[in-house]
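Following the hints, complete the assembly by docking chains Z, G and E onto the known chain A.
Protein chains: 4
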Amino acid sequence: MTYQAMQERLLRLKNNRAFELFVVAVIIVSALEIGAKTYELPTFAYSLTSVLDVFITVFFLFEITVRFIAEPNKKDFFKSGWNVFDTLVVVVSLIPIQDSEMALLARLVRVFRVLRMVSIIPELRVLINSLLKALPQLGYVVLLLFIIFYIYAAVGSYLFKDINPFLWGNIARSMLTLFRVMTFEDWTDVQYETMEIYPMSWLYYMTFIFLTTFAFLNMVIGIVVSVMEEEHKREAALTSTEPTLDDLHCEIKELKAMVKQLAEQTPKS
Amino acid sequence: MTYQAMQERLLRLKNNRAFELFVVAVIIVSALEIGAKTYELPTFAYSLTSVLDVFITVFFLFEITVRFIAEPNKKDFFKSGWNVFDTLVVVVSLIPIQDSEMALLARLVRVFRVLRMVSIIPELRVLINSLLKALPQLGYVVLLLFIIFYIYAAVGSYLFKDINPFLWGNIARSMLTLFRVMTFEDWTDVQYETMEIYPMSWLYYMTFIFLTTFAFLNMVIGIVVSVMEEEHKREAALTSTEPTLDDLHCEIKELKAMVKQLAEQTPKS
Amino acid sequence: MTYQAMQERLLRLKNNRAFELFVVAVIIVSALEIGAKTYELPTFAYSLTSVLDVFITVFFLFEITVRFIAEPNKKDFFKSGWNVFDTLVVVVSLIPIQDSEMALLARLVRVFRVLRMVSIIPELRVLINSLLKALPQLGYVVLLLFIIFYIYAAVGSYLFKDINPFLWGNIARSMLTLFRVMTFEDWTDVQYETMEIYPMSWLYYMTFIFLTTFAFLNMVIGIVVSVMEEEHKREAALTSTEPTLDDLHCEIKELKAMVKQLAEQTPKS
Amino acid sequence: MTYQAMQERLLRLKNNRAFELFVVAVIIVSALEIGAKTYELPTFAYSLTSVLDVFITVFFLFEITVRFIAEPNKKDFFKSGWNVFDTLVVVVSLIPIQDSEMALLARLVRVFRVLRMVSIIPELRVLINSLLKALPQLGYVVLLLFIIFYIYAAVGSYLFKDINPFLWGNIARSMLTLFRVMTFEDWTDVQYETMEIYPMSWLYYMTFIFLTTFAFLNMVIGIVVSVMEEEHKREAALTSTEPTLDDLHCEIKELKAMVKQLAEQTPKS
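Protein chains in written order, with our numbering: chain A, 1 to 269; chain Z, 1 to 269; chain G, 1 to 269; chain E, 1 to 269.
With the rest of the complex left out, here is chain A (with noise of 0.2 Å):
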């Protein structure tokens, strides 16, 4: 059997709808076998995951492989950074741990397992992709809301240190206490322990609270226009094949410049 025919037949398998649908399932199991060794399992369950992890493991090399060899041009293969993390995943899983330390990483590799189910459905990566589309755009109130939180974790350190040192010991740690305060977790108590040594640090955290909110509300309304006016786009794209005013507007001319001209053809009577 030559190379080509082995790749059309790959591709047959790739694009077969059945095969597509056991590679759903064997993620689906995947995902319920990492979910089931949190639990306690009898000896017997135990070692039918061991014996699943390896089938799963070899599987999904299988599968890979498939759509490597189907792929026609293998330098657009890892183009697409769905096949980049695939390839990742499965690759980083066959490495062999056996020590006793790493036992917990394997596991952890294993479980972003579960993410393949994103770059297997394709309304999953559609959906993906439009949040790292929206992304870039909230790149610079992302940076305000960071000077923000550096400005007052650094004035929250100078100030409270004595007084807390687990929340405000250091600027990380500050950062911590003021994203908690933002998320209103237990934000009175921190209040009122340093209002009593700076009875008017309210101000502090009223203020805090006022710009964040603020911010973060503004980030929000960001990505609503911005979604709103893809939209709009869009939309304005599929009814683009309707004339235009300016369309009009020149027929309109062409129609008074041939009105003119039989005007002076026409004998004045």
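Just so you know, not all the hints are guaranteed correct.
Said to hold, decoys possible - Restricting the straight-line Cα-Cα distance to at most 25 Å, the calculated cross-link-like pairs of lysine to any residue (SDA-like) are:
#1 G/79 with G/129
#2 A/260 with Z/105
#3 A/233 with E/226
#4 A/133 with A/216
#5 A/161 with E/136
#6 G/256 with Z/105
#7 E/161 with G/225
#8 G/161 with Z/107
#9 E/14 with E/94
#10 G/133 with E/136
#11 A/161 with Z/254
#12 E/74 with E/88
#13 E/233 with E/161
#14 A/233 with Z/249
#15 A/161 with E/93
#16 E/14 with E/112
#17 G/253 with A/251
#18 E/161 with G/47
#19 E/253 with Z/249
#20 Z/161 with G/186
#21 E/260 with G/254
#22 G/233 with E/226
#23 Z/37 with G/165
#24 G/233 with E/225
#25 G/161 with Z/105
#26 Z/256 with A/254
#27 E/161 with G/48
#28 A/133 with Z/206
#29 E/260 with Z/263
#30 E/37 with A/155
#31 Z/233 with G/129
#32 A/253 with Z/107
#33 A/260 with E/256
#34 G/260 with Z/199
Keep in mind the hints are simulated off the structure, nothing from the lab. On a predicted model such as this, the values are computed, not experimentally measured, just so you know.
Here is chains Z, G and E on its own, set in the frame of chain A:
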């Protein structure tokens, strides 16, 4: 009296405004009775509720029978989800329950009678229908949210199981804990506990909160956009009797052809 | 001096800019006095507030009398909800209260004088009016939310009454507890308590949170869409002097008729 | 070298891409230094930060001088709020502070240097400007929110002062407590405490939460709508070169006049 005559009479009864209001009144009384039963009642009032219970059950049976007979095409009756729902509620509350064990169940079933309020008020039915219509669109975002929850819960179980089995004992418990984190409910307590063993575990919570908030936001925006679009289409449908730019374009072209023909017809001066 | 002359003079006083500002100033002073009374005051300051109280009451009575007499048509005066509100606030604070028991009530009534701030500033009146106009639209969503609360509260009372009578003792207490759950306020404490007896009760909280969040979201989106639509209509009204496509269509048709007639009139060459 | 020549040279320096990047780098280093100081530093690192401090102060002074001299019209320099802000930050950090009491203040002032990040990055400046522009629109909603807070705080102080002076001692404390209730932070603890004396006080909290949530929502929707409108106008401005329906109307009318004249000119056959 023929069946035909009875059917007509019942149809008239069903559409009678006073009868409709009486049905609503009985549903409200049934709701109040359900609420009253949660208080300690004197013996007299308690026996009154028993009588009321029988009356309401019989009346609901009567009302659904009237509606069934009044329906000209019996097959269509069960095509409406609301009719099926009403019938179920009535039939289930007819089952005689003597067993004291089951008394609680009988009470719970009767609570669903309050939902008949939704099926009897047209505006609420419209509202529920529009909510149900919005659901499938959200399907993939919910699936994505579930995958995020599942992966984080698996990782959480593997890493934090020994720190607090109550919160991270298995994947189900972990998902419940993560839902709690998503609602910001005492999430820092959960975080501080794991940070004692894994000082970097704040990354776990931070990324989880960002991912779920982002996905949730996306869901909300999705609903807003789809609702807006529907509104837009409804409006467009209302103005569809107005000529489009396309129509005007055609008219102008016809006009140009007419002028052209006229020019050919006119003798050159 | 005739009544007519006095009315005219009072109307001029009422519309006097300085008088308007003085009224606002008195309202602000009255608000500050209310705030000051919540502090421990020295005897001197306390007797000052008593004098102020009398002055403010008398001035408000004077001001409402001026506005009433200045009104040409007395019947129209009480057609405005704001006038009725102002009169009520003034009249109630006139009732002499000697009883120390009622002193608290007298104080509370005076607090509502601050609301006169809303009735005196036109922009705030517009804001409140637009808020009130948005309410009826939300009526059915609020009713739906109430039905969800009622059903869950009834079920909660039946199931969890013996676990914690303070939280689930009767349907009113249960609704209060559910409102707490809806605001995510220590809701896991409530949940963990009931999960000890009914391990599946997390389903109760989960579904409740999903339903109420979904309904609430729907309400918010409803307001957004209706506000947008109004904005849209207002804009459309502003551009209504521009010709519509329909107008253009008519004009072109007339033009065609004219050209057609011209063609018939022109001798065939 | 003449002043003119120096000015030109400095203008070239100011607009030099490398110089701009160096300024950003110094700001970042200054931010990192501020963060580093919140940690316990070894003596060596500590003396390094002192040197850095001097260098950054001198460099910022140099940079602001360059920008001032490079400005052709000196009066315009302080018309930009950003220039005023930068100058203030630099000048204040120049004040020599020996007193150990004031050392904390000196540190706090230096924190504001991080805000220069905002003034140096054009995109962040645009963002802040647009945020500031949105503020006045919200003025009246904020005023309404404040009035609601003030009235509830006064009532809260009058009623609940003796129950918990820490929370309701005076109107300022009450407003802080109400802000806490608005963020849903352990608000049920506050409520359960007052419900022991006033069993109906849940009405106080319930109405407060509804009013503030409603007003806040209104504010958010206000921003969304105004942002959308601006977007709309910007788009409309972009398409303003396209002829309007009004233009087309005029053209068609002219055309009709021409055809009419032509008809009069043509001899009746």
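Checklist entry - Taking each numbered hint in turn, which are not upheld by the structure, reported in ascending numerical order? => result 2, 5, 6, 7, 11, 13, 31, 32, 34
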